[in-house]
Amino acid sequence: MEQTSYELTGENMDSKTTYAVVDIETTGTNLNANERVIQIGCVFIKHHKIINTFSTDINPEMAIPNAIQQLTGITNRRVRKAPLFDDIAPTLFGLLSDTVFVAHNVNFDFPFLNYEFERVGYPPLTIEAVDTVTLSQILLPSVNGYRLRDLSRYFGIKHEHPHSADSDALATAKLFIMLQKRLSELPLLTLEQLNKLSGSLPRQTANLITAALVQKRKVPGKLPDFLMIKENLVLRVQRTKIVDDTNEQLAHYPQSKKAKLALFKNDLGWRSAQSRIMNAIYANYQNSSPKAMVIEAPTGIGKTLGYLLPFVYLAFQNHLPVVISSTTTLLQSQLMEKAIPILSKILSVHLDATLVKGSNHYIDLAKFSQQLTESDPANQSRLIKMKVLVWLTYTKTGDLDELHINNHKIPLLNEIRHQGIASLDATNPFYDIDFYQRVIRKAHISQIVVTNHAFLTRHADLLGDKQHPPYLVIDEAQRFVNTILQENRLTLDFNHLMSMAHSEVSHLKMSKGIDRSPAVKADPMGSFHVYQMADELEAINQQISELQEQLYKRFLAHQIPAESESLPFQRLINYSELSKFFETNQETIQDLQAHFVSEILSFEALNKILEKQQQNLVETEVRTWIKLNNKQLEIETQSQIFRQIFGSLLSGAKHIDNETKFYWVQVGPQHDAGSVSLSQGIIESANFIKQNVYPWFQKPTLIGATLFSNSRSKYFLNQVGLASDTTTVKKYSSPYNFAENALLEIANDGPFINEISTDDYAQYLTNAIYQLAKSTPGKILVLFNSLATIKDVFNRIQKTDLGRKRQVLAQGVNGTKSKLTREFLSSSTGILFGAASFWEGMDLSNGQLDLLIITRLPFDSPDEIFTKAETRIQRQAHRNPFISALLPRSILRLKQGIGRLIRSEKDYGAAVILDRRIIDKSYGKTMLHSLPKGMPVQKRPLNQINGALSEFFRKHR
116 MEQTSYELTG ENMDSKTTYA VVDIETTGTN LNANERVIQI GCVFIKHHKI INTFSTDINP
176 EMAIPNAIQQ LTGITNRRVR KAPLFDDIAP TLFGLLSDTV FVAHNVNFDF PFLNYEFERV
236 GYPPLTIEAV DTVTLSQILL PSVNGYRLRD LSRYFGIKHE HPHSADSDAL ATAKLFIMLQ
296 KRLSELPLLT LEQLNKLSGS LPRQTANLIT AALVQKRKVP GKLPDFLMIK ENLVLRVQRT
356 KIVDDTNEQL AHYPQSKKAK LALFKNDLGW RSAQSRIMNA IYANYQNSSP KAMVIEAPTG
416 IGKTLGYLLP FVYLAFQNHL PVVISSTTTL LQSQLMEKAI PILSKILSVH LDATLVKGSN
476 HYIDLAKFSQ QLTESDPANQ SRLIKMKVLV WLTYTKTGDL DELHINNHKI PLLNEIRHQG
536 IASLDATNPF YDIDFYQRVI RKAHISQIVV TNHAFLTRHA DLLGDKQHPP YLVIDEAQRF
596 VNTILQENRL TLDFNHLMSM AHSEVSHLKM SKGIDRSPAV KADPMGSFHV YQMADELEAI
656 NQQISELQEQ LYKRFLAHQI PAESESLPFQ RLINYSELSK FFETNQETIQ DLQAHFVSEI
716 LSFEALNKIL EKQQQNLVET EVRTWIKLNN KQLEIETQSQ IFRQIFGSLL SGAKHIDNET
776 KFYWVQVGPQ HDAGSVSLSQ GIIESANFIK QNVYPWFQKP TLIGATLFSN SRSKYFLNQV
836 GLASDTTTVK KYSSPYNFAE NALLEIANDG PFINEISTDD YAQYLTNAIY QLAKSTPGKI
896 LVLFNSLATI KDVFNRIQKT DLGRKRQVLA QGVNGTKSKL TREFLSSSTG ILFGAASFWE
956 GMDLSNGQLD LLIITRLPFD SPDEIFTKAE TRIQRQAHRN PFISALLPRS ILRLKQGIGR
1016 LIRSEKDYGA AVILDRRIID KSYGKTMLHS LPKGMPVQKR PLNQINGALS EFFRKHR
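116 is the number of the first residue of the sequence shown in our numbering; add one for each residue after it.
Hints are not guaranteed to be accurate.
To be verified - 25 Å max Cα-Cα, derived SDA-like pairs, lysine to any residue: (1) LYS511 <-> PRO676; (2) LYS983 <-> HIS519; (3) LYS331 <-> ASP129; (4) LYS1048 <-> LYS723; (5) LYS1021 <-> LEU1043; (6) LYS482 <-> HIS519; (7) LYS934 <-> VAL349; (8) LYS723 <-> TYR830; (9) LYS636 <-> GLN657.
Source of the hints: derived by calculation from the structure; they are not laboratory data.
Based on the sequences and whatever the hints tell you, model everything.
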């Protein structure tokens, strides 16, 4: 049905307007399939108050599908005696006429209702219509989810019966009133900018913004003291507090249980292991010669406050900050928003804490300001601009993660991301209030700095100080090593580099190139540098094509196995092979390096000219200049990677530390030379950490839930570059009763994985998961080692009644990890298939997981390039790669997986392992021995496990 066209005047939307907030439940969502309305709820609003309601069930004169009955609770029996739509149409049409229609997803409710009106002989409603989903996205940009139940929870709106039209309509009405209030409070400049961008919003939603703007112009009011206008942006005023790190209350650490209980009062319960962690940390760093500390603290001990409290005392007493590094943004948020405020309350002291991330997490205000001057045909980009405009009126951090936009491929987001301190220029109008620069400055005067492993890996020098080294806590330390390895992986992406070079050439000398600028021509050397730079870029592209061709011939041609057909392929190469390749292609590689240097010098010269002529540039030339700078940053990044990979060869060095680095070439699915890339990584992390992280801090404390594969293992200590004789190691047992509240079942009749086909294995897993789900009505997490297997099993499960009766989610199929986790946690009977990151970290609280199914022991794939490189290095050192690396890592992953089951004293859960190697292979005993103390382990055929699970869950429910 076509939308009715309206002029954006806002005349029909003000406080005197009657808004009809409508929700409908239907037999289905497809208008073309003759679906019907089965329930309608209407709430009428005037003067920002609810003035009337109307709701009724409707007999659809057709069967209601089972899925809809389960979702809404509306049964065929219930609607049998309900009125037909024909019966209520006169009343409903009269109620809705002369109102503004409001709905949460208006492009569903409004046309569906008009379809029903036309079906029974009425004309379609021609009233204006507003969408509260879009309004919420704009006015509540930091909310994590825009479903009605998410927003109801956010505002504390009672919404007791989701998917019931009367309850949904009432919740939407209360939401709409709050959104109107939010809109009216926005500054005039922000409203003007929103109005310019609002033309493509659903239906007449834009008119609501126009109406708010009209009203604001009538009564503009004074800009609040906490806001400021800079250029074309309204921003939150940034105020820096002076930190007082002297506090007499923190002069004496509470050593005894009595002292701690007096301090905790009712804010924190007593945990013996937590107290022991506190005392151990405090005693170690009060010592004149402290040691590094490694603490294994399973879930439930209270490790976060266990390390925070002693380090806060140490920080105040010794006037040294503490830097805390963790993994995910969620864990960092928990520290900033929960743990640190709780401790601040306990201590009755203000704790000044700063969260620091990589520069690309922060907005570049100058870039966003420029983006507002550019027309953008993409609806998605315009919506994001509107979200950002509202967000800037209250954000104190400029952290784009606050917007919860999970699609990182949106061009606009990449255009406005900060490129780091080096990209800042004193001529930038936002230089003094730049968010990223400010957060770095604030970190230097904060008592507590919270960061992530990746930032610590790259920027230990920004966080630490060799003269006055701060304390360092590496939380979630089991994931620190992997971060080190990932951050040290460099890829020379030839195709991306060529694309950037080609784009730069077009900005330099094509139809709208900077070479046509009178300002450039006014400088005697302007045109020379433009064409010099363009020539160098074209030469770079030619050399890259030649290098790709030679890499392909030397390392890939006739060497790709048949089973990799139509798949990307990676080939490990050693340093001697790379060295020989360099010797053969030395001229090409050296020429490419020379062109990089010359191109960068030409760009710098051109940039100086454009800076001098800045006042003479027109708007389109400024935009081209900004685009040139953005592309150049990417080219220079690839240039740096080129130098890092070929650096020792280009400098004439005779050797490289062959035990720490490895190299590989990769080709795309078509296996063509034009898709070749070259990469470099490091094998072990210890040397990197010792050289680049530890020197900037006091002796570190590393803490995590699963650090040791067994009581004698030194695997973790070796990985993080610590020696057992100079490190204090503390290991604590889980406080939970695994003997009573957990169960591990092992299927002893499963197939030998290496002896059956991929198809048969996928069918076995499908049948097993199907059977186990029958005995487990709650949430099920299924862990795999392969995304391909996940997709195969998911497709098979979807063809069964299990796929129809329960929500089944799959990594690589249904969205991002964060979206999958959110959907899984909101479903009472959800089933989630996950791999890789779901082994390493998924934050579950009490009662959010009933059954864990482990399809295959979590060994690294032998085909993974890192595994191949590590195996080669281990063997060269006459070590067994399985015993020294692969097995310890697998055991730690298994411990992490099992650790998902019980998250509180009252929690319970069961696990099933479908890989019989854990009982058939000699290493199986080692793996089982690593599991929580007292956890019952049973080995039996799969068909007997169902009964055991049913009994276990019956006992605990």
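Against the structure, the hints:
{"no.": "1", "hint": "LYS511 <-> PRO676", "in the structure": "violated, 54 Å"}
{"no.": "2", "hint": "LYS983 <-> HIS519", "in the structure": "violated, 37 Å"}
{"no.": "3", "hint": "LYS331 <-> ASP129", "in the structure": "holds, 12 Å"}
{"no.": "4", "hint": "LYS1048 <-> LYS723", "in the structure": "violated, 67 Å"}
{"no.": "5", "hint": "LYS1021 <-> LEU1043", "in the structure": "holds, 24 Å"}
{"no.": "6", "hint": "LYS482 <-> HIS519", "in the structure": "holds, 20 Å"}
{"no.": "7", "hint": "LYS934 <-> VAL349", "in the structure": "violated, 31 Å"}
{"no.": "8", "hint": "LYS723 <-> TYR830", "in the structure": "violated, 53 Å"}
{"no.": "9", "hint": "LYS636 <-> GLN657", "in the structure": "violated, 28 Å"}
Checked against the numbered hints above, the structure violates hints 1, 2, 4, 7, 8, 9; every other hint is satisfied.
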